[in-house]
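Each chain, letter by letter, is given below.
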Amino acid sequence: MAIAKAERLMNLALCLLGTRRPLSKRELRGSIEAYLEAGTDDSFNRMFERDKEDLRELGLVIETVENLDGETGYLARRDSNRLPPITLDAEEAAALGLAAKVWQQARLAGAASGALQKLRAAGMPEAEDAYEAHHSALEPRIPVHEAAFEPLMLACRDRRPVVFDYRKANAARPEQRQVEPWTLECWRGHWYLAGWDRDRGAERVFRLSRITGRVRSRAGSFTAPVPDAVTVRETVESWAGETATRSALIRLRSGCGYPLRARAVSSRDLGDGWDELEIPYGHGLDAWLVEFGPDVVVLEPADLRADVVERLRAVAKG
Amino acid sequence: MAANAIDQTRRMLSLVTYLRERPGAHVSDVARAFGISEDELISDLDVLPMCGTSFRGGDLLDIDTDGDRIWWHNPDDVAEPLRLAADEATALLVAARAVTTLPGLREGDRQALLRATAKLEAAAGEAAGASSRLSVTFESEGGVFAEVDRAISERRRLWLRYYSPARDELTEREVDPIRLFAVGHTYMEAWCRLSEARRTFRLDRVAEIKLLDAPAAPPELELRDLSEGLVQPSAEDPEVVVEVGPGGRWVAEYYPHDSAEEQPDGGLRITLRTPAPASLRRLALRLGGDGRIVSPRELAESARLAADEALAAYDGRE
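Each protein sequence line maps, in turn, to chains R and S.
Just so we're on the same page, the working numbering is the position in the first sequence counted from 1, plus 4.
Residue 264 in the working numbering sits at position 276 of the second sequence, and the numbers go up by one each step.
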């Protein structure tokens, strides 16, 4: 039976961490059973390169040094791989333990528990059993359903340009977009990407659920400077109509439309089974008002009235 | 056996450091400290004796267990706490920052988390850099949150005035809270004494809340697995078919559905299930010209009638 990958990676890590002088590939192959069984030089080389990358993923700093004979050697120096001293008390440890549970995405969940395990090995105290009784009952969860999340997370981390097909909210067909990805942000349970759109030569925000097909990496580096602060949330809020610039006047049937009342700037009882409300008017208000059917009548402004009437006519046509 | 070789390798490296300081450690204690099952730990302990700096020279880790305690007979100094990888630092820091933004989080927990975050940033050094490229904001439903949190920890009943968008009405009810969780929005799962069933309440739809003196007495229930999504329609629920144009594709993002077939015009034909099809009248109205309900017929008809009735209010007032 082939030797399990975890055993092979563990052996390579211990060899590189244990040595005080760089070890050549030949030496490593002689010390690690799985490499001896690797068969041809080619398959060993491929395996070795992949394993080094995997160890780097989990944080190992592996140096490449050339010796006097021109042979390449590898080592993981103790001082560049040691965790700096960190002292956490039981409360802080418990708080981090709660935080680490929020990820529902495999890669991040694995990385978060890996981080806790490293801290535990470095002496982080364990939570007392009594902890749960007097702390918040909340279970926060960060959902990640979008397939594009992981490749984009890695591209943001490594600052690699990407290309993907993207379907705008009201577009019939997806369009290819070339993007230099900056940051990912989760808001109201949905993920958004902010970055530089190369074709449009401008900053853009993309909703991950509208990316169709695979996210592919592009060679080369970023061409536009990355801003210090990226405003994903403000952009999305304006899509969602939360940045209202005007106000609207509506009539609302008594007892109906609680969410409209909760937002109202002012309200008065008209005495005939209807109330008159002034509410903030931002993008998307027309579609929302139509949901209330005959329980809402728009009084002003005229453009909002016209939009609502047009929507109602479309539904009435059937 | 761990599904992921990288996660297992990372864990075994920390395990070695941890065991070095604790000769004769108990399997159950170590498994708890590492947040893994005893079976997972035993499978790690099966691999470790095959690892070392050379399989030939006999420089292998002499670690064994009798199933209860763990012994390492030749501990060496390979095992120092390892620095955090970029993904590990990102996963833990992003989660910790997100949780500190949770409205209603107890002040003691928030302070502990802020302290831990600062220490973690310092210890992670460079590896913390990429963590600013990912961020998560939880919704603010603060006032209600604190009451629910208190009710859960004191096991008390709550009185709510709750908004149901499906019927556009506020209802009063008493509930026995079970738990609080955040997935985009913050929700309370509770036993509803009005409907005598388990219900999920979105906190931003709670219009009014009161903590009652009566003790909460929810029946013994198995907690739902939230990773499957919040809304889990049952196969017996009636079927609704909605056809949308390109402008109505968002319906597939917001409504869990059985199928969404691509249409030639760039739209979708979506089949979904709901216990109360009448509640989708709002959706039909909202869609306007961007889509229509195909079946059931009565639902399509009720949306058309509502639109007709609403339009009557605008007649002669253009």
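Hint data in this document are derived by calculation from the structure and do not stem from the laboratory.
Glycine included, each C-beta is placed from N, C-alpha and C at the ideal position.
Among the hints, erroneous ones may be present.
One-sided excerpt, in silico: chain R residues whose CB lies under 10 Å from chain S [unchecked claim]:
#1 Ile90
#2 Lys105
#3 Arg163
#4 Pro165
Structure-based check of all given hints:
The beta carbon of isoleucine 90 (chain R) is positioned within 10 Å of a beta carbon in chain S (closest approach about 4 Å), and the interface hint is therefore held. For lysine 105 (chain R), the interface hint holds, since its Cβ comes within 10 Å of a Cβ in chain S; the closest pair sits about 8 Å apart. Interface restraint check: arginine 163 (chain R) against chain S, minimum CB-CB distance 9 Å, threshold 10 Å, status holds. This hint is violated: proline 165 (chain R) has a C-beta 15 Å from the nearest C-beta of chain S, more than the 10 Å allowed.
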